[in-house]
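Going down the list, the protein sequences come from chains A and B.
This note's numbering applies: residue 1 is where the first sequence begins, and numbers increase by one.
This note's numbering applies: residue 411 is where the second sequence begins, and numbers increase by one.
In case anyone wonders, no lab produced these hints; they're calculated from the structure.
Treat each hint with caution, since some may be false.
[As the list claims (entries may be wrong)] The calculated lysine-lysine pairs, modelled on DSS-like cross-linking and capped at a C-alpha distance of 30 Å, are: (1) B:K437 with A:K151; (2) B:K437 with A:K296; (3) A:K358 with A:K296; (4) B:K437 with A:K59; (5) A:K286 with A:K296; (6) A:K151 with A:K59.
[Said to hold, decoys possible] Covered by chain A, according to a simulated footprint, are these stretches of chain B (three or more residues, beta-carbon under 8 Å): (7) 426-439; (8) 453-461.
Owing to the predicted nature of the structure, the values given are computational and were not obtained by experimental measurement.
Built from N, CA and C at the ideal position, the CB exists for glycine as well.
Single-letter residue listing:
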Amino acid sequence: MDIETVDRFKRQAAHRHPTAGGISIETVPVAPEVTNFSVLTRFAHDRNLVSLPVVVRGKPIGLISRNLFMSEMSTPENQDLYGPQTCTIFMERDPLIVEAELNLEALSFRVVDHGEQTLVSGFVVTRDGDYVGMGSCLRLMRMISDLQAQKNRQIRHSIEYAGVIQQAILRAARETLAATMRDSELVWEPRDVVGGDFYHFAAYEDGWFGAVADCTGHGVPGAFMTLITSSLLVQAIEQHGPRDPSAVLSGLNRAIKVLLGQTGSRDGFGQSDDGLDGAFFWFDNKARTLTYAAAKTPLFVLYPDQDEFVSLNGDRQSLGYVDTPLDYQWHTQVVTAPPGTLMFVTTDGLVDQIGGPKQTAFGKRRICEALINNREAGADMISMALLNAYSLWQSDQPRRDDLTFLCFRP
Amino acid sequence: MDNIFISATQSTPEVDFRFDVHTLILKGESYPENASAFYGSILARLTQYLAGCQGADISLSIALAYFNSSSTKLLFSMLASFSQAVENGNRVTLNWLHDADDETLFDFGREICEDYPALNFVDIPVNND
C-alpha cells in the first residue's frame with residue numbers, strides 16, 4: 001500500500017476510533033547514543049520526517065525536531081563539531097507524550113496547553129508508557145475538522161428531517177385556511193429550519209376556528225413546544241368546542257401546565273417554565289363576527305371606511321409558564337367584520353426585529369403603514385409588500401426570532 | 411459580595427453589577443439559546459445581594475435593544491426581586507434606556523412602569539443620530 005492509501009485507511013479507522021493511537025504513525029525511533037551524523041542522515045533521507053523520537057528500552061525520553069536540528073547543523077563547522085556527539089544535545093526533553101487511547105478532543109486541548117513547539121514537532125504516542133508512534137498536529141487538526149464537519153452534518157440532517165415533520169403538521173391547517181378564506185395569506189418563517197411559531201385552522205358549517213401562536217424559544221426546543229401545544233390545542237377544541245376561544249385558551253393553559261408539571265411550586269432543577277403567546281379566533285359566518293381571545297398578541301382591524309387600524313389587545317398573561325394561574329380566564333372581544341374588513345395578526349418576531357438606520361425594532365407603526373399603503377390589494381400582495389418592507393428594515397441584521405403573520409379578509 | 415462583570419456577546423448582554431456601589435447595568439441584546447443557563451447564577455447572586463441590602467439607594471440601568479420571550483420572563487423575575495427589595499426598605503431607580511425612535515421599547519417600558527409601581531421608573535430616550 002502506498003502512503004496515501006495507508007493514510008486514508010488510517011483516517012477511516014480514526015473516524016471509528018478517534019483516539020491519539022488512531023492517528024499516530026510508526027516512526028523508527030533512535031537511541032540516545034546515536035550520533036548527530038546518523039540523525040542528519042535520517043532527516044536527509046526522509047523528507048517527511050518532521051521529528052525523531054528518542055527511545056530508551058521502549059520509553060520515549062525526548063524528541064529531535066527537524067527544524068531545530070537542521071538549523072544547528074546548517075554549517076560545515078557545526079557539523080564537524082556536533083556530528084560525532086550524541087543526539088541528545090539537540091533533543092527536546094519535554095515533548096508532549098500521550099497515551100494511545102486519549103480521545104482527539106482531549107488531545108487537542110493537551111496540544112494547545114503544551115505550547116507552540118508541539119504544533120510543529122508533534123506528539124509522542126505511547127501504550128502503557130511504551131513508545132508506539134508519532135502524531136502530527138496537522139493530521140490531528142484535519143481529523144478534528146473532519147469530525148466537526150461530520151457532527152454538524154448529522155445535526156443539520158436531523159433538524160432538516162424534524163422540519164419535514166413540523167411542516168407536515170402545519171400543512172393541514174394551511175390547506176384548511178386556503179379553502180376557507182380565499183382572501184388570506186399566512187407567512188410562517190422559522191428563524192432556523194424548525195421553529196417555535198405555529199398556527200391552526202379548522203372549518204365548521206357555521207364558521208371557522210383559527211390560532212396563531214408563538215411558543216417559548218425557537219429552533220429545536222421551540223419546535224418541541226409547538227408539537228406539544230398543537231396536539232393539546234386539538235384536544236381543547238374537542239373538549240370546549242371551537243366557538244368560545246377563551247374557553248379553548250383556558251383549557252390549553254391547564255393542559256400545558258399539567259403536562260409540563262408546572263402546577264406545583266418552583267423546585268429548580270428540570271423545572272419547565274415554558275408556554276406560549278397567541279391569538280385565538282372564532283369567526284361566525286352568518287353574523288360576520290370575529291370572537292377574539294389572546295395572550296400578548298394584538299389583532300389589527302382596518303374597516304373599509306376608515307383610514308387607521310383599530311388595535312385590539314389581548315390579555316397580558318401568557319399560557320403555560322409557572323406564573324400563570326391554573327384557572328386563568330382570558331377575556332373575549334367580539335368584532336363585527338363588514339365585507340372588506342382587513343385583519344392582521346402577528347407574532348413578536350415581526351414587530352421586534354432589529355434593523356433600520358439605528359438598529360431598532362421594526363415596530364407596529366411601520367407594519368400598519370405597510371398594510372395601509374397596500375390596502376387596495378389582495379391579502380397575498382399586501383403580505384408580500386409587508387415582507388419587502390420588513391426585509392429592507394432587517395437589511396444585513398441577523399434574524400432574531402421566528403416570524404409568523406396572518407393577513408385576511410373574512 | 412463580589413461584583414459581576416460579563417462581557418456582551420451577540421446574543422447575551424453585558425452584565426455590569428457593581429454591588430459595592432449599588433449600581434447595576436444590563437446592556438446589549440438578550441436572546442440566548444438557554445436563557446435559564448445564562449441568567450440562573452446572575453439571579454442567584456442578585457437575590458443574595460438584595461437580601462443583604464438595608465436602606466440602600468440602588469440604581470438599575472437597562473439598555474436592551476432586543477430581548478426574546480424567555481429573557482423577558484427572567485427580566486420580570488429580576489424586577490420582582492427589586493420590588494421586594496423596595497418593600498424591605500430600599501430605594502430602587504430603574505433607568506429604562508432605549509432609542510428615542512423605538513416605540514416598541516418605549517411601550518415595553520410603560521408596561522414595566524405599570525406592573526412594578528414600587529420601582530422609581532425613569533424613561534430615558536437616547537438620540538443615537
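Hint check:
The straight-line distance between the Cα atoms of B:K437 and A:K151 is roughly 34 Å, outside the 30 Å bound, and the hint therefore fails. This hinted pair checks out: B:K437 and A:K296 have alpha carbons roughly 25 Å apart, not beyond 30 Å. At roughly 26 Å between alpha-carbon atoms, A:K358 and A:K296 fall within 30 Å of each other, so this suggested pair holds. At most 30 Å may separate the alpha-carbon atoms for a hinted pair to count; B:K437 and A:K59 exceed this at roughly 56 Å.
Between A:K286 and A:K296 the CA atoms are separated by roughly 29 Å; this keeps the pair inside 30 Å, and the hint holds. For a cut-off of 30 Å, the pair hint linking A:K151 to A:K59 is broken: about 36 Å separates their Cα positions. Check on the region 426-439 of chain B: 1 of its residues sit with their Cβ under 8 Å from a Cβ of chain A, so the three-residue criterion for coverage is violated. Only residues whose beta carbon comes within less than 8 Å of a beta carbon in chain A count, and the region 453-461 of chain B has 0; fewer than three means the coverage is violated.
Checked against the numbered hints above, the structure violates hints 1, 4, 6, 7, 8; every other hint is satisfied.
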